[in-house]
Structure formats: C-alpha cells, structure tokens
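Here are the chains, one letter per residue:
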Amino acid sequence: MKHENSNGDVRIGFYICHCGANIAGTVDCPAVAAYAAKLPGVVVSRDYKYMCSDPGQELIQQDIREHRLSRVVVASCSPLLHEQTFRNACAAGGLNPFYFQMVNVREHDSWVHTDRAEATAKAKALAHAAIRRVRFHRALETAKVRIHPDVLVVGGGIAGIHAALTLGNAGKQVYLVEREPSIGGHMAKFDKTFPTLDCAACILTPKMSAVRSHQNITLWTCSEVVKVEGYVGNYTVTVKRKPRYVNEELCVGCQECIKACVFKEGKFPDEFNVGLSKRKPIYIPFPQAVPQVVLIDPERCIQVKTGRCKQTCLEACADRHAIDFTQKEQLVEIKVGNIIVATGFKLFDAKRIPQYGYGLYPNVVTSIELERLVTSSGPTAGDIVLRDGRTPKSVGFILCVGSRDLKTNRWCSRTCCMHSMKLAQLVREHTDADVTVFYMDIRAPGKGCEEFYDKSLKEGIQFVRGRVAEVTDWALAPEEEGKLVIRVEDTLAGFVRRIPVDMIVLAVGMEPQADAQEVRRLFNMSCGSEGWFLEKHPKLAPVSTFTDGVFIAGCCQGPKDIPDSIAQAGAAAAEALALIDKGYIEQEPNTAYIEEADCSGCKSCIPLCPYTAIAFDEAKQKATINAALCKGCGTCVAACPSGSIRQNLFEDEEIFSEIEGVLSYA
Amino acid sequence: MKYTYFPGCSLKGLGRAYEESLLPVMRHLGVELAELDDWNCCGATAYMSVDEAKAGVLAARNLAIAEKAGPYDLLTPCSACYLVLNKTKHNITDFPEIRDTIHRALRSANLAYTGNTQVRHPLDVLVHDVGLDAIKSRVVRPLKGLKVAPYYGCQVVRPYSTFDDAWNPTTMDRLLAALGADVVPFPLKTKCCGGSLTGTVPEAGLRLTYILLKEAVRRGADVIATICPLCQFNLDAYHDQIDRRWGRTRIATVYFTQLMGLTFGFSPKQLGLNRNFVPMNPLATEPKAMAQRSQSVRGAP
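Top line first, the protein sequences correspond to chains A and B. Per the numbering used here, the first sequence runs over residues 15 to 680. Per the numbering used here, the second sequence runs over residues 338 to 638.
If we strip away everything but chain B, and leave its shape as in the complex, we get (with noise of 0.2 Å):
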C-alpha cells in the first residue's frame, strides 16, 4: 500500500504532532508514505476566497506534480488542504471555464493534471483501505475505560462528503471503537471549532470553541480526538481565555494518530504528544495505568 503524502505547512510547523504521530502509525501498519517533492501552499480557504483562479493553480500544481509522482493516491492529512485539493479537483472537471484558466497556467510550467489523481483523507485511507481488522491485530494496549469524544470538524466531511456523512459521520467513532475506547455520542462532532476566527474575531471564535470544550465535558468525555490540524489548535492553545471568560472548562484535544500509536505501543514523547498545552492525563497514556483507568481524574493540571 503506497500513497503520494502532502503534508502541507501545518504538519511541518504548528501542528507537527500530527506528523509525528501519522508517519509511524502508518509505517507500523506496513503503509508507505511518499513525500510529495516540491509541494507548495494549498492556498487554504483564504486565499480560494479572494481569487478563486489563482488559487485554484495554485493547489492544481500540487495535483499535477503528484500526478506525475506516480498512480497514488495524494494523501492530505490537514483537513484545509484536503478541502482546498479536493475543491480545485471539483473546479476542474464541473467547470469547463475555470480548466482552461488552470490548464493555461499549468501548461506554462510544462504541468498538467488530468483528474486521475485522488486526494485522501488518513483517516479515510485507515479505515477503508488498511481496515479496521488490520488496524485491531496491532493494538497492545487497548484504550479501555477512555472515554473518546469524536470531533471531525467541518472541512473533511462538507461539501463533499467524500468517504463519509456530512452531518452525522462515523468513521472516526467505529475506528476509536476498534481502538478499545468508549466513544462518547458527541452531536457537536462536525460544528465549527472557531476555525480562523479565534484569532481574527475572538468574541466569535472563542465562543464557538468553548462549546465544544464545555459540551465533551459535560458528555464525560475524558480527551476530544481530531482529524484537523486547526481544530486541535483551537481546541488546545485558548484555554486560558476560555477560563477568564466561562469559568474553567479544560479538556485535552489530540490526534487520532496519536491514540493510535498509543495503543500500538509507541511512547507519548515519539507521538508528539508533549507539545499539547493541555496535556491528556498521563495516567492515560501509561500502559500500568490503562487498567486502572476508571480512578483517573478527568483533565490535567
């Protein structure tokens, strides 16, 4: 199993834990990982924003370089660039008029894309590719008695929806599942973590992140598990504004890689898991622990 991987810029810089963790889940299921040479900026949603044309070069060229990387899948673990990638792929083929702009552009740097090149998603790939039963004989130390609040955020799953439901998805709840974890009904799984108004518009932003935060608490949630690079850092760096705030509302949010390499036996150092602000409780993270997990306290200092 081989996939061309575009990491883009959050996995390189802000959210390296990410990678951290994805690189040796996905070596430890026997998955390999390709770096895409040469990969530029997706342009993120504020650049299709401003100049949809331009933008749309921008991350075809990312497209046409994988295509030319060879018959892989492009795998894009950041949730913007998986949105960003896969809506330039849309604009390709449903309009004929956006194309010809992109072609012309290609065409200039001696590229082109014809629309073979799928983008996917890791936590697509894990579990409809590599399957749950694959994903199951190499747990060691299962997540038992951790309660898992599943939070998808909402650029993987809309507008397209590609491997999952928009409104209700579950591929994450059936993978943390087969992970041995207590998966919390968490409705809020695909709302709006603040995105990048926390920073632009905090009364808005932090608002919509201190929902999700009080909401897995409330639910029993012991950590809230992501998919998205920006979701987890909203989720994690605000904590401190949400308390002045609300009133204390703390909760560790963390990759889905990184349960996964926990219970794969990795050490929560080697998953990047010592970058969190709010770390998850390291009794949950011990293997001695995870048997007396029903004692552990709920959060961390």
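Just chain A, with the same shape it has in the complex (with noise of 0.2 Å):
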C-alpha cells in the first residue's frame, strides 16, 4: 500500500455511549472502554451516559485540548442520527471533522441482540475495526454546492395545491405538476368537511383560483414527471405534457363547443361524478375546474380516433381558435432546487370484499359515491336516491370496508369515521330516512371531533357496533322483503341481526397509488411495507425522505385527513425554504480522485458514472473527475483496472483496516 498517510504517530480518543439504557441494557459499556483503552494509540477512552448531550460534546472538546488527541471515535447510535453532531464537536474542538470515525452500537448491536456478553464482545470488535481505521483519516474539506431556488411540487390535491403557494408566497418560482385536467383532488368532490361541516368548494376553489392566477406558480395539469436526475439543490426533472386538444391560453371556458359536439347527450363514464353522470368526448371536468379549459378525451373521440368527424366543436369555437388537433405530447425540462412529492391516495375497491355486494347490489354504493349524490353540483343535484330514483326510508354505513383488515389492509384510514358520521348527518338532513352505522371502534381523535360524534349520537344516528358479516338480499321476514340485510354480529348487545335497509353506504378505506412503487423509483423515495411513501424520521422528520430536497405531504405518506394534509405541505414547504433561503448545501467530501501517475487512460469508468462526473483529458490522457458532481456512490473505485481510482473517506487502507479489526478481534 503506497498511500500511506498519517499512519505513524496518531493520538485516539475513545468514547461509548450508554444511551441510558439503550446500549447501556445490553452492553457493558465499560467494559469496551477498557477494552479500546489498551489498544494501541488509543490515549484516551471513556464511557458516558449520553455522548450528545453538552456535557458529553464537551468531553470530547476539552481532551482533545488537554490530551492533543489528532483522531476521536464514538461509539452510539446512528451516523444518521449523530455522526454531524460528533463532527462538529470535533470542529469546536480544534480538529478537522474528518478526524472522526463513528461506531453504531445501537441499531446495529444493542437493539439487535439479547445475550449481553455477545452483545459487548460485538461492540468491542467494531470498536476494534474503527480505531485501526481512524488512523488512516484524513483532513477533508467540504465543498459548497449552490441551490437552485425554484421548487417542483408533484400533485394538485389540497396538499400539493396549498404547498405551492406557500412557496409562491415567498417568493419562490413553482412547477405544480397534476395528471389529471383539474386540480383540486379528491377534496374537490365532497360536498361539506367534518366537524365543521363548512361546504367544501367554499374554502377549497379559492386556493385552486389562487393558484391560476399566482406569478409565481407555473401549473401543468395532465402532465406526469417522468424523469428525475440530479441532486439536492440541482435537480433537472422531465415533465410529460400530455395533448388536452385545446389551446390552454385561447380557451376561455365558454363550453359552447360542448353543446355542439356531435355527441348531443353525455355518453361515457363522467370520472368526476365516479361514473355516477355520464360526459361527452369533450368536456370540463366540473363547474369549478382549474384551469377552467375544456378538454378532449383522445379515446372518446371520434376525430382523435379516425380523423372522420364533422367538428362541430371547431365550428361552435368559431375565431378563438382554441381547438387544436394537431397538438402532440411534449416533454419539458425543467431545473429545480426542491421537489414536494404530494401525489395523494387511491380509494379502496369495494368489489375485493364480495360479502358486501358491491358491483352486485345496485344500492350498495361506496362513500364516495354518495358524497357525489349529496353535493348540489353533483349528478343528482343533492338529492340522495336510490338506483330507481325513490328515496331511501333507511340506510346503512358500514365502516372499515379495506381498513384494519388482515384480509386486505391492515391499516386505519383514519378519516372514515368522520367521514360517515358527516354523511350520516347530510342524509339525515337531505331525507327522513333512518340511518345506522356499523362500527368496530368509533375514532374521532381530532379537534371537534368527538364532539362531532356526539352530535351524531343525539341526532339520533343509531350506532351498532360489530363488524358486518354479509350484505344479502333474501328475505326472511315480510319486513326485509325487497330490501338489502345486513347480517351482523351486534357485540355489544351480543347476538346475530338482521336489519334490512334500502341503501348500503361502504366507508372505503386509503390506499397507496396504484403506481406508487414506480413514482418511488422515480423521485429515489423509499415505501413502507403497506406502500406508503416512507418519511425520514416517523417523529423528527416527517415530511422529509431518505434523499435530500425530496420532501413528501399528504395522503402519499399515510391516510390523512384535510388539516393534517394541509400542516404537512406547510411542513414541506418550509423544509424546501429553508434549503432555498441558505443559498447552498453542504457536500460530504465523499467523492472519487484519481491517483493520475497510475490512470492508464483506459476510459472504462466513464461510462460507468451514473452522474457523468467523469471526463477525459485528451492532452493528458487520463481520466477526472469533477468532484461537484460525484455523489460517492464509489462505481468507478471498484472498476477502474489499475486501482488508480481512489474515493475519500473510503481509501482503500480504511477499509481494509476496518474488516481487519473485525476479523482479528479475539
């Protein structure tokens, strides 16, 4: 080994935390420290009960002032925890950061194993492996890199929509990106919001108008990101804009082409009213649409799909012009500094669960589908009706319908409570109808919600609890002829019923996207095990991902409800602000070199480097490397042929002394 630096006369402080009883419970801790004291060129090694706090900060300051140590290892936690905090005590203390080796004895020991006399001997060996690598650490120094201060946010629904303005607000250029024609998500189709029940559009198309008109705020509707390449601060993302045949900046929302469609009466499945109405090939999602642009559905109609059509709609557009057949898909490139992931929730398909008849029963429909029926904008103007048009005299809310279910998805959605029981309350408002829900457990933990549950409770709402067994539709009694039975359990009263009712309402539950695996491979995010995206930290970082500048709010991360969605796009936003306003980012000196006496010029790493780093110098013939651009991912290092390729904090001597002291640990 030629590179050998440092490696003579080395001072080492060692330090293990107990963490109180989390490392501590199951290692020796003092042990370890005299055991790391006799190794050679330790001089110092102390165990402490939080090496975090000040005072433990403080030990290390003060001996490597009093002990001149020119190397410190700790042994705690995490290096994603506490590895910058040990740094920059280091810093504090008088020595280059890069001095300093972490050792995780808690996620990767304590927490991990049970037999304490393992468990120390484990922690010895890894102390072990760091004390012979430290000696090999060299001063490093980390490079600034600029942010870029425009910001992507991926998703128009309430949570995406409110994290654009707040960034606009600021100051800040904002790409909000949305698939579908309309922002405003699934908040746009309910009718009232619980507890409140203050009318939903009222507070929610004043923020998607804001949106239209902010300076700051460049919306794409049926647009989808398709590519994401780059780094915190320097990303460049690929926008796929899809053809809506209509000129957005002509268009003025008159419809008038809409009445001249050749198509005289909606014919296909309208997506706002889930299919509950029926729309034209050319339409406008609904009344309160932003961008309030019409749009043409390519696979309806008739002249995308043949070229053969009178065009009325031309006809009716008369000198606006804003008709465009010839538009195609485009792809955009955009440059931006911060991205906000707020792509939201699927709901739950009620047909994976036949018992409940969905698909089978006409009037049993799913929450969604009835908040459609209520709203006044909705297919039936708010009158709630059963498939033949009567009003029902009585209905049924069956909660938890895909939630807390071992069969389809474990999880809570934590909003169907609340949901139904503001459903429950417009039926009981809209009709005379007898309304029952049948609950496991009634959670209403939010502001004004249990207060909300009460309401419900002296409205006379009757609640049975039980799960539902079966929804049927043969009768036993006079009383549940022609209507639907719901078989259940009462467990509270404690027997089997029967109660017939004329309509079924299912409180679909949350779930992940159905491309959520591939938006996480695209914007480099990581998923839990139910598919939701995964945050950071589940306390200390919760809009935060494992990748730097990529934040993430709303129902993406979990089932939410409005509030919280909300608090979490605030949250985003003002992570991504804090980023923009420090003007850079801090790089970890991790990157590649290359020794240039040994570079053959063999070119073989350069198409190696995911992140083009890599270039040739032709004078010289020899490789380098652009080290703002390296991400030490350490591709090149273990493929260049000749070795010549080396990468800080990860030089070959480091490493190789590392595995070393595991393996010669006795």
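These are computed hints drawn from the structure, not numbers from a lab. Every residue, glycine too, gets a C-beta built ideally from N, C-alpha and C. Heads up, a few of these hints could be off.
Stated by the list, open to error - Label pairs and their computed distance ranges (CB to CB):
no., chain 1, residue 1, chain 2, residue 2, range
1, B, R495, A, P459, 31 to 39 Å
2, A, L506, B, V476, 49 to 57 Å
3, B, R556, A, A555, 53 to 61 Å
4, B, R581, A, P459, 54 to 62 Å
5, B, D470, A, G373, 23 to 31 Å
6, B, V476, A, K241, 49 to 57 Å
7, B, S604, A, L506, 52 to 60 Å
8, A, G373, B, R581, 34 to 42 Å
9, A, H335, B, D470, 51 to 59 Å
Work from the hints to combine the two standalone chains into their complex.
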C-alpha cells in the first residue's frame, strides 16, 4: 500500500455512549471502554451516559485540547442521527471533523441482540475496527454547492396546492404538475367537510383560483413527471405534457364547443362524478375546474380516433381557434432545487370484499358515490336517491371496508369514521331516512371530532358495534322483502342481527396509488411495507425522505384528513424554503479522485458513472473527476483496472483496516 | 391425463350418483382415473373436532398411499374429503408438532408422506387441466335455456380457496355457461347448506337448507347444480319436512357432473339421475325437449 498517510503517531480518543439503557442495557459499556484503552494509539477511553448531550460533546472538546487528540471515535447510535453532532464537536475542539469515526453499537448491536456477553463482544469488535480505521483518516474540506431556488410540486390535491401557494407567496418560483385535467384532487369532490360542516368547495376553490392567477406558480395539468436527475439543489426534471387538444391560452371556458359536439348527450362515465353521470368526449371536469379550460378525451373523440368527424366543436369555437387537433405530447425539461411529492391516495376497491355486494346490488354504494349524490353540483343536484329514483327510507353505513382488515389492508384509514358520520348527518338533513352506522370502534380523535360524534348520537343516528358479516338480498321476514339485509353480530347486545335497509354505504379506506412503486423509484424514495412513501423519521422528520431535497406531504405518506394534509404541506414547503434561503448545501467530501500517475487512460470508468462526473483529459490522456458532480457511489473505484481511482473517506487502507479490525478481534 | 381417484364413503353410498356421473364424464374427456387401492375413511369434519392429531393420521394414510401409487394428483370429489385431506396437508407443512405425530404414526405402518401429492377437486381439474374449450367441443346437447343456480357449498372454497375465490367462486359458473346453460346469479353460492345440522338440530339445519331452495326458486332457477354430496343430499332429501314448515318449495338439485353428462349425450339413468328424491324435470333431460325448454314448467311432482 503506497498511500501511507498519517499512519504514524496518532493520538486517539475513544468514547462509548450508554444512551440511557438503550445501549448499556445490553452492552457492558465500561468493559468496552477498558478494552479500547489498551489498543495501540488510544490515549483516552471513556464511557458516558449521553455522548450527544452538551456535557458529552464538551468532554470530547476538552480531551482534544488536554490530551492533544488527533483522532476521535464515538461508539453510539446510527451516524444518520449524530455523525454531524460529533463532527461539529471535533471541529469546535479544533480538530478537522473528518478525523472522526462513528461506531453504531445501538441499531447494529444493542437493539438487535439479547445476549449481553455476545453483544459486548460485538461492540468491542466494532470499536477495534473503527480505531484501526481512524488512524488512516485525512483532513478533508466540505464543498459548498449552490441551491437552485425553484421548486417542483407533484400533485395538485389540497396538499400540493397548499405547498405551492406557500412557496409562491414566499417569492419562490413553483412548478405544480398534476396528472388530471384539473387541480383540486379528492377534496374537490366533497360536499362538506367534517367536523365543521363547512362547504368544501367554498374553502377549496379560492385556493385553486389563487394557484391559477399566482405570478410565481406555473401550473401544468394533464402532465406527469417522467424523469428526475441530479441531487439536492440541482435537480433536472422531465415532465410529460399530454395534449388536451384545446389551447389553454385561447380557451375562455365558454363551453359552446361542448354543446356543439356531435354527441348530443353525455355517453361516457364522468370521472369526477365517479361514474354516476355521463359526459361527452369534449368536456370540462367540473364547474370550478382549474384551469377553466375544456379538454378532449382522445380515447372517445371521433376526430382524434378516426379523423372523420364533422368537427362541430371547431365551428362553435369559431374565431377563437382554441381547439387544436394537432397538439402532440411534449417533454419539457425544468431545473429545480427541491421537490415536494404530494401524489395522494386511491380509494379501496369495494369489489374486493364480495360479501358486501358492491357491484352486485345496485343500492350498495361507496362513501365517495354518496358524497357526489349529496352535493348540489352532483349528478342528482343533491338528492339522495336509490338507483330506481326512490328516496331511501333507511340507510346503513358499513365502516372499515378495506381498513383494519388482515385480508385486505391492515391500517386504519383514519378519516372514514368521521367521513361516514358527516355523510350520516347529511343523509338525515336531506331525507327522513333512518341511519344506522356499523362500526368496530369509532375513532374520532381530531379537534372537534368527539363532539361531532356526540352530535351524531344526539341526532338519532343509530350505532351498532360489530363487523358486518355480509349484505344479502334474501328475505326471511316480510319487513325484509325488497330490502338489502345487513347481517352483523351486535357485539354490545351479544347476538346476531339482521337489519334491512334500502341503501348501504361502504366507507372505503385509503390505499397507496396504484403506481406508488414507480413514483417511488422516480424520486428515489422508499416505501413502507404497506406502500406509503416513507418519511425519514416517523416523529422528527415526518415530511423529509431519505433523498435530500425530496419532501412528501399529504396522503401519499399515509392516510390523513384535510387539516393534517395542509399541515404537512406547509411543513414540506418550510423545509424547502430553509434549504433555498440558506443558498447552498455542504457536500460530504466522500468524492472519488484519480491518482494521475497510475491512470492508464483506458476510459472504462467514464460510461459507468451515473452522474457523468468523469471526463477525459485529451492532453494528459487521463481521466478526471469533477468533484462537484461526484456523489461518492464508488462504482468507478471498484471498476478501475489499475486501482488508480480512490475515494475520500473510503480509502482502501481505511476499509481494509476496518475489516481486519473485526476479523482480528479476540 | 391421469389422476389417482379417492372416492370417499359418500360416493360409494348416498352420493353414488356423483360417482356414476363423474366416471363416464372423465372417461369421455380422456381423463384416466385410477381408484386408490385400500383407501380409508378421511375422518370427515367430525373426527377433526374430536382429536385433530389422530384425525390427521387417518387422513394422512390416504395421502401416503396416494404418493406411493405414483406421481399423480389425488382427485377427491367429496367436499368434506377435499377439505380434510387439504387441511391435513397444510397441518403437516405448517405445524411441526402435528407433522412429527403424523410421521411417527405413518412410519409404524412403513408409510411416508413428503407433501408432494396434491389434493385436487374435479371442478378444478375439469376447468383448469382439461379446459373449457375441450369440454365445449364434446357438448352435443347444450343446456340451452336451462336456468341453473350454481351452488358450491362452503368446504371447497373455505378456508383454503385453493383454486377459486373464497366468497365469490366462479369456476362452476363458467363451466355451466360453457355447457350452454343460463347461469342464474346466485349470491348464496357458498352459504351453508345446513351440513350435519339437518340430522342433529333440524330446526337450525333445515332452515338453512330452506333458504337456499327458496332463493333458487325466487331467482328463477330450474335446477341447482352442486359439487358436494352432502349439499346435494340436504337440498334433495328434506323437501317434505321443509314443505310442512314453510310451504311448498320444489326444485331439483343435481351434481354438476350429471349436467355435463347430459350435454355429452349420456342418458339420465346412466348418470344416476333416477336416484334424486326431487327429480329433474324429465323435459329438461330429453334431447327432443331441449329445443322447447322455454315451455317447460319448473320443478317436478
């Protein structure tokens, strides 16, 4: 090994943290400290209750000064949590922060083992490895990289809208990308919101219009992110903009073209009304859609499909010339510094629980279908009716459909209890129907929610505690004839009941979007086992992801209600603002570099680099690495045939000494 | 295509019409069935609830000798046998303690079961191995205009749902449609037939049987098709008692293999259809009448 650096006289300080009982409960910390004290180069070795506390950090600084330490090793928790803390402590003590090495004896040891003797032996082995490694460490400098001030927000539901507005109001340029033809998301479909029963549209549409008119927000609907490259502060994002066959700049939303369409009546299921009404091939998703621009469904439009239509819509549009059948799909590249992913959820498909008869019995509906029926802008203008037009005399709500169920989804969808009670109250308001809610537990923990439950009880809504076994259409008694019968074990009364009703509402739960895995890969995020996007820390970093500069907000992270989605959106915007206003990020100096003397100029490293950080110097006939672009993945280091590429913080001698340290521990 | 055939006691006794129709239908489709030599009682559901380990040994002996008989799947037409043999197979795989007890017992008889022999139901084999196209090509007298309620019973689909959905199975629906029948939507298709309660607690058992019969009639079915000998017996044998309690509710219940045999051109007698207490409308079974089915009256005397 020719790269012998600083391998002479080093003075190492070793510290092992008890972390209360987290580490000390399983690892004999004083024994590890005593063991380390005898290792070559170690001049101070201590155990301490909380190394991350102020006195703990002070201890390191004091030892650096008093014992003239040139290296520091701390055995405690994961470097993800406190590596920076201890590096700062070293720097404060006057030592280059990269003369520090961390050993994880909590996540990798005490938390995963139960045998005290074996866990202690493992801690010693890991300490041995780090102490051997750290003597090869070199003084390094962090590089500062400028942050691009623009932000991409993906998803135009209430979370994405709020994040975009927060950033826009702070003076940042925002791109809001939405897959659907209008922003608004699920909230736009709601009639009222719990627990205040205020009109959903009245509080949402002002925010939607604000997005449209905001000078700092670029809104792209019918668009999807297809490629993300780069890193925090410097992302290059490719957005696919699908044609809507109507020029957004020219259309004024007069809808004359819709009236003129050769389809005289709506023929195709209207997505916004979840199939409860029909629309034409040329349509506007809903009255308050933003942008207020017509679009053409290429799957349904005769002109787009066959090119042989009378094109009455063109005539109707006359000299506005907004309709444009020549529109093509476009790929647009943008540069942003931060990304907020707010891609939302999808509703559970009630057909997956055939016992509840959705799709079989016409009067079994989902909660979102009832929501559209209740809304005055919905397909029945607010009348709650059965499929044959009658008004129901009795309505049953089945909760936890596709939630808290080992056979489908295990999680609680958090909003369905409150959502169902809200709908139940609206049913009582709109009709004389008797309402019965079938529940396992009523979960109403939010502000004003328990009071709302109380109000539901007082208003005469019946609550039956029990998981519904099945919904049938066969009668055993005269009062059941022509009704849907709910069979349930009433677990409070202690017997099985048959309850006939006219209409059944299934409170379907929330699920990750069908393409959550692709989106996860696109933005280099993680998913939990259930498929929701994973936050960096469940308590302390709820909107950050493991990729710096990529944040999550709203239901893509897990089921939540509107206030919680808004709170997360605001938090994600604040996190992005904090990075932008700092102006730069410090890059970990774990970059690769080339020992020019050994480079043969074979160029095999160049195509391997995922960040295009390696170039070829024709004059010298050597490869060169741009440290600003290098992310320290190590691919080129491993691939270089002559071993001339090396990597800071992962030098061969550092890694080999570490391995030898574990293997030679006795 | 070859299978080891485990008839179980029902197909030799009360459910013999099932065997009488299954064997010719399988032969007609070129499926070879070799009856398992020296098979014994599967233990049924009763023994399982008395002593799971011993019941497991009893059932496992059948699996062991089937494995010895050759590398063929074990065909079990009776739903109870199908469930018990599958349950034993699962117990052997999933529960080491049960596995040890069973293996010890088998060893004392110089037998072993490695878990390789699969337990299959004829409905599964017919639809997934033989295939609907092959079956369709053999149909000479389609069940045109015959309204059939497909009734699966509980044991074939629950809890293991090996080849179809546990709550809304559709294999038989598709098979009957391939035979030309009008399949009546029958949401009660996996609801309990009463099982052994018809004999032990008739008030409870017969009520369950009655619900199935009356709903099949209400939904306009001419006949109920079943895949289980106990279901067939319950739905067929208690009409007098049901009539006395709830009023006249007449509809025939036949094995799906009997309907297949009819479409292949076998005579009702060859298929054991003469054994029904409530016979299928003779008009429905005669080739000549097939065309005039629309005028046929539902039910039988």
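Tell me, in ascending order, the numbers of any earlier hints that this structure violates. none
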